[in-house]
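Trainee: These protein sequences, in sequence, are chains A and B.
Quick note on numbering: the first sequence equals residues 1 to 462 in my numbering.
Quick note on numbering: the second sequence equals residues 1 to 256 in my numbering.
Hint data in this document are derived by calculation from the structure and do not stem from the laboratory.
Glycine included, each C-beta is placed from N, C-alpha and C at the ideal position.
Mixed in with the good hints, there may be bad ones.
As the list claims (entries may be wrong) - Once the Cα atoms are required to be at most 25 Å apart in a straight line, the calculated SDA-like pairs of lysine to any residue come out as:
hint	chain 1	residue 1	chain 2	residue 2
1	A	423	B	83
2	A	340	B	23
3	A	434	B	23
4	A	276	A	340
5	A	434	B	1
6	A	340	B	1
7	A	434	B	18
8	A	423	A	403
Stated by the list, open to error - Just some of the chain B residues that point at chain A, by a computed CB distance under 7 Å:
hint	residue
9	17
10	22
11	26
12	28
13	55
14	79
15	108
16	165
17	179
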Amino acid sequence: MSYRLTLAGATHTFRDLATLLAKATPRRSGDELAGLAAASAEERVAAQMLLADVPLARFLEDPLVPYEEDEVTRLILDRHDRAAFAPVSSLSVGEFRNWLLRYETDTATLTALAPGLTPEMVAAVSKVMSNQDLILVASKTRVVTKFRNTLGLPGTLAVRLQPNHPTDDPSGIAASILDGLMYGCGDAVIGINPATDSPAAYATLLRLIDRLVREYEIPTQSCVLAHVTTALRCMEAGEPVDLVFQSIAGTEAANKSFGIDLALLRESHEAALALKRGTIGDNVMYFETGQGSCLSAHAHHGIDQQTLEARAYAVAREFRPLLVNTVVGFIGPEYLYDGKQIIRAGLEDHFCGKLLGLPMGCDVCYTNHAEADQDDMDTLLTLLGVAGCNYIMGVPGADDIMLNYQSTSFHDSHYLRQVLGLKPAPEFAAWLEKMQIARDGLRLTPATAQHALVAPHLAASA
Amino acid sequence: MQLDPWQSLRRVTSARIALGRSGGSLPTRAQLDFRLAHARARDAVLSPFDPDALAASLRLLDREVLVAESAARDRAEFLQRPDLGRRLAHTSRTLLTDRASQLPRCELVIIVSDGLSTLAANTQSEPVLAALLPLLHASGWPLAPLIVARHARVALQDEIGEIFRAQISLMLLGERPGLGNADSLGAYFTFAPAIGRTDADRNCLSNIRPGGLSPAEAAHKLHYLLTQSRRLGLSGVALKDDAPALGSPSSTPLIG
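Construct the entire structure; sequences and hints are all you get.
Mentor: Have a look at this one:
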């Protein structure tokens, strides 16, 4: 069905629900590149006004990508929990925004609601929300996950230690891991993006972290962010795989371009569960996403990039991940042009993921061809901290020398922890105390060359 | 300010480790070093590219050089519209088509572009070509004129390769700069180039710059890979880089 609104004599018509969603999306370069964006600022608000009147239930009746064509649509609709949806089933998108903002809508309400929401519903409501709405509602959600520590508790902020090296050199990677641990980072995961996708390199890096985690009894988990098929091969070979990583997207076709489907994810999820390497929990998956991935894979079905991003969260949700990370500014200015667009997208992704029940973290980041700088990242980092983001990235000096982009640093995590009083995961905070790295999870202790972590490294490299 | 006692580990990685701290924050010097690196990267991305000037210097390599433009009209449009960077401007298409019609079918067409780093194109392409062209000449490759293309993405090599009916197209273009490697050039080649090829059909050499893969090493490696591609009649994932390692210290004497 089409949607029509007349404003002071000008009539705005939108062909269908997908068009309405796309035109209602706050401006971003990726939708303009796809030819889906509103042609004027007024058209955008007209679309938002019409979208506000769309009943939430319509997203169940009118799938954006046909059920028969797309396994992500099938997953979304087959898994939809009607009972959980009941409290909001009669609301329109605009009424749903009001409902989310009520004092009475608290953490317990939102946790119970999550299985009743679909990605399209949360994407739609985000489009009529301001940045402060996205922050306020996200701050009321709480998603706790466990493997060797507890992530997502109130008052905590975890950090993925990202020690990448352009040639996967083990001593270079070990030096960055040491740097991060001595800065109190690494509770979310110690996660390496390998330079190549070879199983041999994967195993070498995995064993490096595994040895460290066992030797120093670090309550954290490891991950090498290679393709899921590489993880499967290494699990078959008996390598110490903690978390299985995969980049995922919001359509079957885009996932196919990543060389995956739901069956493959299910197979790897089961293989990782069977290893039983988690000591206090069994959330074994780590997913990364990012607006624009479907368009870049020529698999967007005429749907805007933010709605497609939310659909990727339905894929993630199926596998009870420990961590989901929206790598918000990595894809470049053709999808998110500047700091303003990156900040908005980061808040949308965090909000949508949390509302759907996911342990959202955010790679607050940008590339050097985007109109953005580290001050924009400070802004998004702060906003996400206020919104209750589960974790951020910790890259030495915010400079990833392998992936050639800028993210957030170990120092940035101390800034955020100080201004908001946030602490690491409790098990990790206790370890930092025991190792005399940080007191109270907040303040770093002056380190010496004789420190138990530092001395062996210095001796080995002397 | 607190120093980190593991500063000696900076020998094993170029990552920004052991920066020290003031409270939990970055010391002033490290903060400004970072800003300088970002400023250089931005300048490399944004500085205007003068294809005629580069063409003039490449003509000194004793080759015919043609200048072309992608459909992206300026740098801002180029950054936001990768699709425009993948096809030729109408006038350039006409120019190249006319010239190609006067020439026999060629084995290889080489294209140089600013891509995402004007600095890389201006500093690395000439030394790479100065080393590569004699190797190609010695092994008897019929070459199309050199093309200097402004505002190109990798896939522009497909359209240009098609116009020159080339067996292989090779593009040298500025890579997206990281901090500290704003001058990095990439080399991509495609066997049987034609509009619609994908990245899976290409081979790539990355990080060509003095501190990475040196222009001379890159030229040797490219010559090897291009020869293999021509011999096997393919490129992309099926063509493996099993050339003797040229980057390791033990093999440096191999470099002419």
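Trainee: Decide, hint by hint, whether the structure agrees.
Mentor: Each hint, compared with the structure:
Of the pairs offered as hints, the one joining residue 423(A) and residue 83(B) is violated, with about 45 Å between alpha carbons and a cut-off of 25 Å exceeded. Of the supplied pair hints, the one linking residue 340(A) and residue 23(B) is violated, its CA atoms being roughly 30 Å apart against a limit of 25 Å. The hinted pair formed by residue 434(A) and residue 23(B) meets the criterion: a straight-line CA distance of about 20 Å does not exceed 25 Å. A C-alpha spacing of about 43 Å is found between residue 276(A) and residue 340(A), which places the hinted pair above 25 Å, so the restraint is violated.
Only pairs whose Cα atoms come within 25 Å are accepted, and residue 434(A) paired with residue 1(B) is accepted, the gap being roughly 24 Å. For the hint linking residue 340(A) to residue 1(B), the alpha-carbon distance of about 34 Å lies beyond 25 Å, and the restraint is violated. For the hint linking residue 434(A) to residue 18(B), the alpha-carbon distance of about 22 Å falls within 25 Å, and the restraint holds. Annotation: proposed proximity of residue 423(A) to residue 403(A) is violated, straight-line Cα distance about 28 Å (limit 25 Å).
Nearest Cβ of chain A to the Cβ of residue 17(B): about 4 Å, under the 7 Å cut. The hint holds. Among the interface hints, the one on residue 22(B) is violated; its C-beta lies about 9 Å from the nearest C-beta in chain A, farther than the 7 Å criterion. The closest approach between the C-beta of residue 26(B) and any C-beta of chain A is roughly 5 Å, which is under the 7 Å cut-off, so the hint is satisfied. Hint status for residue 28(B) relative to chain A: violated, with the closest Cβ pair at about 12 Å, above 7 Å.
The interface hint given for residue 55(B) is broken, as the beta carbon of that residue sits about 24 Å from the closest beta carbon of chain A, more than 7 Å. Below 7 Å, beta-carbon pairs count as interface contacts, and residue 79(B) has one with chain A at about 5 Å; its hint therefore holds. Contact between residue 108(B) and chain A, as hinted, is not supported at the beta carbon level, the nearest pair being about 28 Å apart and thus beyond 7 Å. For residue 165(B), the shortest C-beta to C-beta distance to chain A is roughly 27 Å, which exceeds 7 Å, and the interface hint is violated.
The interface hint given for residue 179(B) is met, as the beta carbon of that residue sits about 5 Å from the closest beta carbon of chain A, less than 7 Å.
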